[in-house]
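Peer 1: Starting from the two chains in their separate frames, assemble the complex, guided by the hints.
Line order of the protein sequences matches chains A and B. Take 1 as the starting number for the first sequence in our numbering and just add one per residue. Take 1 as the starting number for the second sequence in our numbering and just add one per residue.
Hints may be right or wrong, so weigh each one.
List time: in silico DSS-like cross-link candidates among lysine-lysine, alpha-carbon distance up to 30 Å [as the list claims (entries may be wrong)]:
(1) Lys54(B) x Lys311(A)
(2) Lys7(B) x Lys392(A)
(3) Lys311(A) x Lys82(B)
(4) Lys69(B) x Lys313(A)
(5) Lys115(B) x Lys180(B)
(6) Lys19(A) x Lys311(A)
(7) Lys17(B) x Lys392(A)
(8) Lys115(B) x Lys311(A)
(9) Lys313(A) x Lys212(B)
(10) Lys313(A) x Lys17(B)
(11) Lys131(B) x Lys311(A)
(12) Lys69(B) x Lys7(B)
(13) Lys313(A) x Lys19(A)
(14) Lys82(B) x Lys392(A)
(15) Lys115(B) x Lys313(A)
(16) Lys311(A) x Lys69(B)
(17) Lys313(A) x Lys180(B)
(18) Lys180(B) x Lys212(B)
(19) Lys19(A) x Lys115(B)
(20) Lys69(B) x Lys19(A)
(21) Lys82(B) x Lys7(B)
(22) Lys180(B) x Lys392(A)
(23) Lys392(A) x Lys115(B)
Quick caveat, the hints were computed from the structure, so don't treat them as lab data.
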Amino acid sequence: MNDKPLSTLNIALLNLRRKVFRTMGLVLLAALLAFTLLAGSVLSQSLDNGLNNLSQRMGADILAVPYGYEANVQGALLRGEPSTFYFDELTTERIAAVGGVIDVSPQLYLATLDSSCCAYPVQLIGFDPQTDFAITPWVSQTLDAPLTAGQIVIGSSLSGEVGQKLEFFNKSFVIVARLEKTGMGFDTSVFMDLDSARQLAQYSKRAGGHPVADNANLISSVMVRVQDGLNTKDVANDILQSYGKDGVRVVVAEDMISDVSSSLRGLTGYILVLIAILWILTVGVLLIVTAVTINSRRREFSLFRVLGATKGKLMRLILCESSIVSLIGTVAGMLAAALVVFPFSTFISMQLGLPYLQPSLPVLALLFVLCFIISLVPACLASIYGAVRIGKLELSRTIKEAE
Amino acid sequence: MNLLELKDISKIYGNVKALQDINLEVSQGEWLSIMGPSGSGKSTMMNIIGCMDKPSNGSVILDGADISKESARGLTDIRRDKIGLIFQQFHLISYLTALENVMVAQYYHSMPDEKEALEALDRVGLGERAKHLPSQLSGGEQQRVCIARALINYPMLILADEPTGNLDEANESIVLDIFKQMHADGRTIIVVTHDPEVALQAQRTVVLEHGKVARIINNEQDTGR
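Isolated chain B, as found in the complex (with noise of 0.2 Å):
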């Protein structure tokens, strides 16, 4: 069954066609990784997905329903409801503890629930750090408050912008680890990024070039997985 499916999207700025004609269907439980050089319109796509933006043109179907036409309103409402994001940036914010990191999603989503906030961070290895600002933690620590954050509401699909763009080997390998549990726990999960040794850890991989699907890689066939 699909979760998400991406019908004929275009997105337009001015007179720079930044997705084409694009056509994507996701399945419930899949882990799908987009690729592709600068400028072929990741960011675009991601946006689209995750609520921020709206296409020119076409229609996202998530969760069985279009989104596409939704209001700046409904659109947040799908974003906090459905979708889980994770940013290469981290975006923590500065003055609130780990614990207040992962809270703050919760009381903008429903009710804050400090137990299940520290039991978040404790899946993640961070229960010790709970009452750390963002400041006095490293940034594998700070991506994985993030990774908490992203999943404290249970969203239907986690949405990673170059999760590991920022981190060391070491602590790339513990976020990928966290993200291969969220796969086998029966999450969503699409992962933009520019290495293609994260994108070989998802299902498929989607390469985009100019505003377009160029290729579609089955990485299971591939790696015989």
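In isolation and in its complexed conformation, chain A is listed as follows (with noise of 0.2 Å):
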């Protein structure tokens, strides 16, 4: 027996918790619609704030790679792929000489396959803070001077605070400063000056050989910003012309964008369509459920009138037992989502290989807020249906059809 009084709601648990098996599948249902709506719309509308803040974040309208690895520079700096390519550092001087180019700064990638802060590669980067216009932007606290040999400056995804020494290949850095989030490859990327990653290629010599090693005037691209008003594809057209023979070879920022752009409207796509499908079909679930239940329980609610109850306190059950599942369900499902889209964000991320830049808190909130909304219509859907059906019951017919 329960204790508490009789009421329209207090019978609906009654039969919710005594039919185990049906209110935990319409449960899941529902909980499986709302984990579908948030984690569908928070990955959407990350990706979207991603590609929203590729171009502006990554500061160069071209970037000038050794020739095969365009590709690989693009890896590195959308998904943060340890990459490792090098060319002359002098190919600085002779990209700053082209018409239209007013700047350039090198960069120099090396790779570690581990290290204190992470769990797994992480891409190091060597860039110059005199000429740089790419990585300082970014840097969340104010750095008081440029950085030093054993400073490093972190992506916002790894584990370390302002202060902290994190090692690699045995050669201690203080972590001076930490990245603002940018969604890219630079979230898992540790930055140092070009000197500290020249020494760096040493000591990584130990542990099994580095090109940079053998060679200091290595670098591995050069980030180049393009005069306002000129074509950026005519000046990378420029680059490549002057300087293609010599291994040269340019990614042009734009294009990366649009390709980014294009598989990401593919991704959302698919993401928007899943989102349909389950709403229509947990809508139609819902719906033959309720029919179902309502034939199945024509008896019950014959009686329930034949003892006084009014359609309107039939209807007050069937809401009241659908918004118990729905409300159940979708807190379970938004729950769940939240567990896997928040914590594992890192991981997402590098999997989609696209630039992921979770949205801001309101716009979360705003987020949890419609999904809630959306994941309870089905269930005012079925009830409004269920209402109907009850309405047509014949109390005669019905009680006798028992008989």
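Peer 2: And the structure:
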């Protein structure tokens, strides 16, 4: 017996509690819908944010890289995939001399298999603090002075606090700043000045050899900024025509964004279609379940009517049952989505291989509210449908059918 | 004083005349049984008296008021306030305990009162089984819960459709004893039955044939009660 006084809510709860399997099935369905809605929305919004911030955060209009490594630099920038490729640092000066180029800054990529900060390989990027325009603007704390030997800036997804020391190839570095979240490969990269990166290559030589250890004049890429008003692709072509024969290739940021954008459109399209299918499926299943339930409970509802329940009271009973099931399912689904999407955002971002930047708190709150409301709509539709069906019950016939 | 009057009642389903020009008076405190073969119109008559259906023609006067033109909502109110229904198949709610099954009638009538519901179950000898689900009760026990539920709101009229139809002899006897007690308490009872022994317990028996009253038997005169 239930200790609470009998009420519509209590009757609904008793029914749901004593029909465990049916209730669990409906709760799971509601949870699946809420999970997909919230996880899909956050995912899609994060990818959208990632794309919107990509061009702004990349800083450079053109990236010059060695022949054959155009895809690698995209992997390093977008996904933080550790890559190593090199050409002569003279390339920096040569590109600076090309018409329309206003800023150039070299970067040197080293890869580490492990480090004290991370459970996965990390991209180490050496940059020139004097000429850099791509990294420094996104350092969240103001640096009092340009980076010096033994100092590093870490990506937002890496563990470690300012002042803490990290070791790479047994060489200790002090974290002096952290980058803001970029949604790009920068989030899982470690930044240091060029000289430190070259020195590190010497240490890595002991661990297995490194080309930079043998040739201190190597760099991996040149970040290029083009004068406002000029066509970036024309400037890129000029660079290619001038130094292509020397093994220099160019990646135009605009094209890279366009590639990402089309991948993103495909993925978000799939997510939206999945959400739409699941929502329609949930509405359909709930309507069918409601129809079957009402059919199997015709005698029960007719009996309530015989005992004096008005149609309104029966509607409230059905609404109550649907709402309880939907609420429990929705909250459980949203909780599960939050537990998957937020703690594993870095993993998801790496798996997707696309820029991924989680929405701000107010946007997330809005997404939660919207998903909550949309998840509850199928239950409301099912209740309305149920109420219409109940309104059509003929008491005498239904009671007699059960005799 | 008459509690119930049926005046020229007919019920027509398409081309089928289920009831034809039925006239009947039931006085306050009377125990009446309705007998007849299958298809004679017993259930139709019970549905009309029990406010679960409306007559095609004629009028039903219950407690001085014509209820034959009432809306569905009006009939629900009358059924809730004035009539206690007992069914052959008991019709208990499977997921509610015996006590909750009685209390649900209180809830839809006015206000659930657990103490009063327990007393009602006690009166039919089921105080100890109050917390059991219908599936944990025997047929006789389920029928007694159904009776306790029908009586809980103090209805003017008890309407029972084959109340002993699904019971063994021992349980039939228990249920009939409860009916006798209800009658002794001054309740007005109408029992629809196939069983002549059950019908004989009433003061009068109305025999229906082909939707018409074939005869009315005064059991008290016949049995010398």
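Peer 1: A separate judgement is required for each hint: does it hold in the structure or not?
Peer 2: Each hint, compared with the structure:
For the hint pairing lysine 54(B) with lysine 311(A), the CA-to-CA distance comes to about 18 Å; that is within 30 Å, so the pair holds. Between lysine 7(B) and lysine 392(A) the CA atoms are separated by roughly 29 Å; this keeps the pair inside 30 Å, and the hint holds. Of the pairs offered as hints, the one joining lysine 311(A) and lysine 82(B) holds, with about 19 Å between alpha carbons and a cut-off of 30 Å not exceeded. Annotation: proposed proximity of lysine 69(B) to lysine 313(A) holds, straight-line Cα distance about 23 Å (limit 30 Å).
Restraint check: the Cα-Cα separation between lysine 115(B) and lysine 180(B) comes to about 24 Å, which is no more than 30 Å; the hinted pair holds. Only pairs whose Cα atoms come within 30 Å are accepted, and lysine 19(A) paired with lysine 311(A) is accepted, the gap being roughly 23 Å. The hinted pair formed by lysine 17(B) and lysine 392(A) meets the criterion: a straight-line CA distance of about 24 Å does not exceed 30 Å. About 28 Å separates the Cα atoms of lysine 115(B) and lysine 311(A), which keeps this hinted pair within 30 Å; it holds.
For the hint pairing lysine 313(A) with lysine 212(B), the CA-to-CA distance comes to about 38 Å; that exceeds 30 Å, so the pair is violated. Pair hint lysine 313(A) plus lysine 17(B) does not hold up; C-alpha atoms about 34 Å apart against a cutoff of 30 Å. Proximity of lysine 131(B) to lysine 311(A) is assessed by CA-CA distance (about 28 Å); at most 30 Å being required, the pair is judged to hold. The suggested pairing of lysine 69(B) with lysine 7(B) holds, with an alpha-carbon distance near 13 Å, which does not exceed 30 Å.
At roughly 21 Å between alpha-carbon atoms, lysine 313(A) and lysine 19(A) fall within 30 Å of each other, so this suggested pair holds. Proposed proximity of lysine 82(B) and lysine 392(A) is supported: the alpha carbons are some 24 Å apart, at most 30 Å. As the CA atoms of lysine 115(B) and lysine 313(A) are separated by approximately 24 Å, the hinted pair is consistent with the 30 Å bound. A C-alpha spacing of about 19 Å is found between lysine 311(A) and lysine 69(B), which places the hinted pair at or below 30 Å, so the restraint holds.
At roughly 35 Å between alpha-carbon atoms, lysine 313(A) and lysine 180(B) are farther apart than 30 Å, so this suggested pair is violated. With a CA separation close to 28 Å, the supplied pair lysine 180(B) and lysine 212(B) stays within the 30 Å bound. Straight-line distance between C-alpha atoms of lysine 19(A) and lysine 115(B) comes to about 27 Å, which keeps the hinted pair within the 30 Å bound. Our distance criterion of 30 Å between C-alpha atoms is broken by lysine 69(B) and lysine 19(A), whose separation comes to about 40 Å.
Pair hint lysine 82(B) plus lysine 7(B) holds up; C-alpha atoms about 20 Å apart against a cutoff of 30 Å. Using a Cα cut-off of 30 Å, the hinted pair lysine 180(B) and lysine 392(A) is violated, with the two alpha carbons roughly 38 Å apart. Only pairs whose Cα atoms come within 30 Å are accepted, and lysine 392(A) paired with lysine 115(B) is rejected, the gap being roughly 36 Å.
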